[in-house]
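Student: Each chain, written out:
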Amino acid sequence: MKDHIPIWEWEPGDPLDEAHLEQCPQCRRQWESRRYLDFQASLAPEPDPAPFFASRVAHRAVSEATPIWLWLEKVARKTIPVFATLALIAVLGLLLSNSRQPEPVEYAELLGEPAGPAGVEELTLDDVIYSLSLPLEESSGENQ
Amino acid sequence: MAKTDPELVADALDGDPKGFEELVRRHQSLVFRIVYHYLGRRNEVEDIAQEVFLKVFRSMGQYDRRRPFKAWLSRIAVNSCFDELRKSRVRKERLFSQLAEEEQSRLETCYAKFRGGQGLDEAEAESLWQWLQRQLQELSEKDRMVFVLREVEGWDYSAIAESLDTSELAIRVRMSRARKLLIEALEKRG
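In order, the protein sequence lines correspond to chains B and X. Each residue of the first sequence is one higher than the one before, starting from 1 at the first, in this note's numbering. Each residue of the second sequence is one higher than the one before, starting from 1 at the first, in this note's numbering.
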C-alpha cells in the first residue's frame, strides 16, 4: 500500500487519491475527521456590532485623543517642507559666502610681503584697506 | 463617489471625526469577526474591538497610505488578540474545563447527524462551535490565529502572512500543524 495521505495538508481544490482512501482505513478515518473539522469551522457565529458602535468609538477616540500629538503631527506635516527649504537656503548661502571669501595670501601679496603662514594669520581686511589708502593720501597732499 | 480608505484616514488626521467614523463602520465586521472567532468570548468582543479601533486612531499617523488599510487594520486586530490572550490566560483555563456529560452526549448527537447528512439545530451548532473553541485553546497562539483566519474567515495564505508579518511558507506549516492536532483531538474523542 502507498504511503498515507497527509490529510491535514490537503487544501480545497487539491487532487485527492480516492483509490487510496478506499483501501486505507486510517486515511479514511482521518479524512472523515478532516471533513468534520471543516464543518465545525463553518459553524462560527456571526458577531454583530451594536447599531451605534462606529459613532461611539469615533466619539471616544476624538474625545480621548491627546490634543498635543494631533496638533504636533498636523503642525509637523505642514511645516516640515518650510523648514527644510529654509535649511537648504541657509546651507547654500553658507557655501556661497565661503566660496567668495578671498584667500588671505592674496592680500599679503598685494602688500609685497612674502606669503607665509605667520604673516597671513595676522593680516586682516582692515589692514589691507588701510595700507592701500596710504599712498593715495600722500600723493593727493603732494598735488596740493 | 465614496471616499477611499486612505482619503478617510487623511480626513481623520485633519481632525474630521466623520472620516474616522466611516472607517470604523466599513471595517467593524472584520474586527468583530477576528476578535470573536479568535478569543471566543462573545461578551467581551465589543470592548476589545473598541480598543482595536482606538489603537488605530492613535497610530494613524504611521499608516502608509500606499498600502491597503484593511491589511494594516488586521495586523493591529491580530496583535490586540495576542495581547488580550496573554492577559487572560488564567481566566481562560478556568473557562475551558472538563466537558459536562450532557454536552458530551450532545456532541455525539452532532457527529451522528453530520455523518447522516442531517442539519444541526441552533443549540447543537453552538455546542459544536464551543467544542472547537476549546480545542483551539490547546494550540499555540499563532497556530490558532492561522487556523481562524484560514478556516473560519476564509483568508488566503498571503493575506494571513501579511497580517502576522511572516512568510507564506511559515503560515502553511502552522496551518498543517494546527489541522493535524485538531484532527487527532477529534479522533481521540472517538
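Just so you know, not all the hints are guaranteed correct.
Straight line, CA to CA, 25 Å or less: simulated BS3-like cross-link-like pairs of lysine-lysine [claimed, not checked]:
1. X:87 with X:113
2. B:78 with X:142
3. X:3 with X:18
4. X:3 with B:74
5. X:142 with X:87
6. B:78 with X:3
7. X:113 with X:70
8. X:70 with X:18
9. X:113 with X:180
10. X:113 with X:188
11. X:55 with X:70
12. X:18 with B:74
13. X:3 with X:87
14. X:70 with X:142
15. X:3 with X:113
16. X:142 with X:180
17. B:74 with X:142
18. X:142 with X:113
19. X:55 with B:74
20. X:180 with X:55
21. X:55 with B:78
No wet-lab data here; the hints were simulated from the structure.
Student: Does each hint fit the structure? Answer for all of them.
Tutor: Going through the hints against the structure:
1. X:87 with X:113: Roughly 38 Å separates the two Cα atoms, so the pair is violated.
2. B:78 with X:142: 41 Å, violated
3. X:3 with X:18: Satisfied, since the Cα-Cα distance of roughly 12 Å is no more than 25 Å.
4. X:3 with B:74: 21 Å, holds
5. X:142 with X:87: 16 Å, holds
6. B:78 with X:3: Cα-Cα ~23 Å, so holds.
7. X:113 with X:70: 38 Å, violated
8. X:70 with X:18: Between residue 70 of chain X and residue 18 of chain X the Cα gap is close to 18 Å, so the pair holds against 25 Å.
9. X:113 with X:180: 23 Å, holds
10. X:113 with X:188: The hint holds at about 19 Å.
11. X:55 with X:70: 14 Å, holds
12. X:18 with B:74: OK: residue 18 of chain X and residue 74 of chain B at ~17 Å, within 25 Å.
13. X:3 with X:87: Not satisfied, since the Cα-Cα distance of roughly 37 Å exceeds 25 Å.
14. X:70 with X:142: The hint holds at about 20 Å.
15. X:3 with X:113: Violated, at about 48 Å.
16. X:142 with X:180: Distance ~15 Å between residue 142 of chain X and residue 180 of chain X Cα, so the pair holds.
17. B:74 with X:142: Given pair residue 74 of chain B, residue 142 of chain X is violated - Cα atoms ~37 Å apart, limit 25 Å.
18. X:142 with X:113: Violated - the C-alpha atoms of residue 113 of chain X and residue 142 of chain X are around 32 Å apart, more than 25 Å.
19. X:55 with B:74: This hinted pair holds, its Cα atoms lying about 18 Å apart.
20. X:180 with X:55: Violated: residue 180 of chain X and residue 55 of chain X sit about 35 Å apart, past 25 Å.
21. X:55 with B:78: Distance ~24 Å between residue 55 of chain X and residue 78 of chain B Cα, so the pair holds.
Checked against the numbered hints given earlier, the structure breaks hints 1, 2, 7, 13, 15, 17, 18, 20 and satisfies all the rest.
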